[in-house]
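*Asks:* Residue numbers (our numbering), protein chains in the order written: chain V, 1 to 383; chain S, 384 to 565.
One or more hints might be untrue.
Lysine-lysine pairs mimicking DSS-like chemistry, simulated, CA-CA at most 25 angstroms apart [said to hold, decoys possible]:
no.	chain 1	residue 1	chain 2	residue 2
1	S	Lys467	S	Lys540
2	S	Lys552	V	Lys33
3	V	Lys238	V	Lys329
4	S	Lys467	V	Lys35
5	S	Lys532	V	Lys35
6	S	Lys551	V	Lys341
7	V	Lys209	S	Lys549
8	V	Lys33	S	Lys549
What follows is a set of in silico ranges between Cβ atoms, one per label pair, in the way DEER data are often shown [said to hold, decoys possible]:
no.	chain 1	residue 1	chain 2	residue 2	range
9	V	Val107	S	Asn539	20 to 28 angstroms
10	V	Val88	S	Ile453	45 to 53 angstroms
11	V	Val88	S	Pro531	14 to 22 angstroms
12	V	Leu139	S	Gly389	38 to 46 angstroms
13	S	Glu510	V	Ser39	19 to 27 angstroms
14	V	Lys113	S	Met393	51 to 59 angstroms
15	S	Leu399	V	Glu45	17 to 25 angstroms
16	S	Val392	V	Gln160	56 to 64 angstroms
17	S	Pro449	V	Ile20	41 to 49 angstroms
Derived from the structure by calculation, the hints contain no laboratory data. C-beta: ideal position from N, C-alpha, C; glycine also.
Residues per chain are reported as follows:
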Amino acid sequence: MINKFGMRTQIIVLFLIVSIGGLVILNYVFQAKQKDIQSALQDMELTNELREIRLYSEEDSLKAEALMRDFNAAKAVMNIALNDSQVVTSVVLLLVIVLSSTVFIVVIFRLSKPLRDLKHATEQIREGNFSVHLPETGLPEMRELKSSFNMMSRELEETQTRLLVAEKELIWKDLSRILAHEIKNPLTPIQLAIQRLEERLETNPDTIKEILPESVSIITQEIENLRLLAQDFSNYAKVNQPNTEVINPALTIREIVKSYCQDYEIKLDLTENLQIKFDKTHFYQVLTNIIQNAIDASESGEPIDIRLFGEKSFVVLCIEDHGSGIDKKDLPRIFEPYFSKKTKGTGLGLALVKKLCEANGAIVRVKSEVNKGTEFTVIFEGV
Amino acid sequence: MFEALGSRVMTGVVSLAMLLFSSFEGNDPKMTNLRYRNSDSFLYVSGVLENAFDNDFSTIFASGTPISVIYEMDVRQGTMALAKNTFRHTVNYNPATGIYDLKKDGRGEIYHSESVQDILSQLSHFEFGIPYQSSWKKVQIRIEARLPKVHFNTANKEVDLMLLWKYKKPSAKINADLRKPE
Chain V
1 MINKFGMRTQ IIVLFLIVSI GGLVILNYVF QAKQKDIQSA LQDMELTNEL
51 REIRLYSEED SLKAEALMRD FNAAKAVMNI ALNDSQVVTS VVLLLVIVLS
101 STVFIVVIFR LSKPLRDLKH ATEQIREGNF SVHLPETGLP EMRELKSSFN
151 MMSRELEETQ TRLLVAEKEL IWKDLSRILA HEIKNPLTPI QLAIQRLEER
201 LETNPDTIKE ILPESVSIIT QEIENLRLLA QDFSNYAKVN QPNTEVINPA
251 LTIREIVKSY CQDYEIKLDL TENLQIKFDK THFYQVLTNI IQNAIDASES
301 GEPIDIRLFG EKSFVVLCIE DHGSGIDKKD LPRIFEPYFS KKTKGTGLGL
351 ALVKKLCEAN GAIVRVKSEV NKGTEFTVIF EGV
Chain S
384 MFEALGSRVM TGVVSLAMLL FSSFEGNDPK MTNLRYRNSD SFLYVSGVLE
434 NAFDNDFSTI FASGTPISVI YEMDVRQGTM ALAKNTFRHT VNYNPATGIY
484 DLKKDGRGEI YHSESVQDIL SQLSHFEFGI PYQSSWKKVQ IRIEARLPKV
534 HFNTANKEVD LMLLWKYKKP SAKINADLRK PE
């Protein structure tokens, strides 16, 4: 039970129990003893006996009267003094408890402040803010601790900067390699087509018309491939803030799939009347990228299954192909930008899918088995 | 003002401390039944001081030292002070005879009794009279009781008897319309 509370609370409770409890017990014993003395004092009575003595002689009577007065005055003064000591003790005890508790709590708060600061600083580091530094003040041990912490945060900051630079370099290298490769691929057939046209023009210009349509077709096709490549990069770079709206995923899926159904066997099993909040353009991009991936992985005639159903408060979309599947070691990397095992493609399609899903608050998962197929699952929050 | 505030704070602290940590019973005096009556030229105020002498006072009276209860009467009309009078009820005990004398200011009465209970009962009731001016109309009468510091000659010790009232001064107010006789 006590573990629920912080160290500071535990120390304060311990202080209150041990220190104040001890004082209260001590006061209780003191008061009880005072009461005993007072009670014994009350029982002391000699007035009646002395009053009888006065009858025998006037001198004795006067002495007895003086004695009675002295005794009774002493008794009254002692009685008041005992009462006074009880009151004073209780007032002093109350003041001691209030003052000592206040001082103790203030000291505990001041002592624990550097620890709280350290905790907040650690939380900031955890959130990625390595520039946090603590003022090196307070007790020597605390100064040492803060100094060590500051040193650690400085080192972390430097390491982070170095890592960022290295990462940027790596990304640029990767990007340059992919771009070079992807641009080189269409350039080769273009170059070959132009060379063939040049050769024919030099050797037999009259028959150039025979190869012209094919060469132009190759050049046009490859230019189109280059345009698509540029579009892929542009799409990936341009994921804007989603413009979310309530959409009916079953209806949208049917619209998108319509253009694929003429060439590919796509089986739909969709629960109607489900609703999700998603950017419609993003939804289109997510679905077409996954379907294109499934088409690329499948042999001609192999079906692609698309299922949509509700699961508690969520809407689940599964797109399953029965194609080549993905190697187990490649699965963790398939959503990384520029990672691709296909001969054609930039490796940006699935990275874009993940980015769009995250931007719209959805989750994308994949499971795959080589030669059996791949299943992509997108989980949306239902409306 | 600060004195009154300080006195209230002190009374509060003492009361709380005694409630929490002390076995001292003391007395909790309360002024009740405050009434007034007026004749053509005198204004009389009477009342009862309850629970004021239940504990410890019999021992204090038995010391033979004269013990007084002081009443302060304050008459105001609005914010204007019209009169301020102090009255004493004094108990004197003679150990040789075993007789208590109670002298009451205000009406000038003197009581004698061997019974401390009779004396305490008489001491609890008070009535004071003061002359009043015909210009007094609607007035507020306030009476506050307190105990003095007493020097016990034989023990050569001075004690503050307010301790026995836990430093609380019982008081009461009453509004009087002197235009019509009560």
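*Asks:* Hint by hint, say whether it matches the structure.
*Replies:* Okay, the hints, checked on the actual structure:
{"no.": "1", "hint": "Lys467/S - Lys540/S", "result": "31 angstroms, violated"}
{"no.": "2", "hint": "Lys552/S - Lys33/V", "result": "29 angstroms, violated"}
{"no.": "3", "hint": "Lys238/V - Lys329/V", "result": "30 angstroms, violated"}
{"no.": "4", "hint": "Lys467/S - Lys35/V", "result": "41 angstroms, violated"}
{"no.": "5", "hint": "Lys532/S - Lys35/V", "result": "24 angstroms, holds"}
{"no.": "6", "hint": "Lys551/S - Lys341/V", "result": "94 angstroms, violated"}
{"no.": "7", "hint": "Lys209/V - Lys549/S", "result": "125 angstroms, violated"}
{"no.": "8", "hint": "Lys33/V - Lys549/S", "result": "21 angstroms, holds"}
{"no.": "9", "hint": "Val107/V - Asn539/S: 20 to 28 angstroms", "result": "46 angstroms, violated"}
{"no.": "10", "hint": "Val88/V - Ile453/S: 45 to 53 angstroms", "result": "24 angstroms, violated"}
{"no.": "11", "hint": "Val88/V - Pro531/S: 14 to 22 angstroms", "result": "20 angstroms, holds"}
{"no.": "12", "hint": "Leu139/V - Gly389/S: 38 to 46 angstroms", "result": "39 angstroms, holds"}
{"no.": "13", "hint": "Glu510/S - Ser39/V: 19 to 27 angstroms", "result": "37 angstroms, violated"}
{"no.": "14", "hint": "Lys113/V - Met393/S: 51 to 59 angstroms", "result": "35 angstroms, violated"}
{"no.": "15", "hint": "Leu399/S - Glu45/V: 17 to 25 angstroms", "result": "36 angstroms, violated"}
{"no.": "16", "hint": "Val392/S - Gln160/V: 56 to 64 angstroms", "result": "59 angstroms, holds"}
{"no.": "17", "hint": "Pro449/S - Ile20/V: 41 to 49 angstroms", "result": "44 angstroms, holds"}
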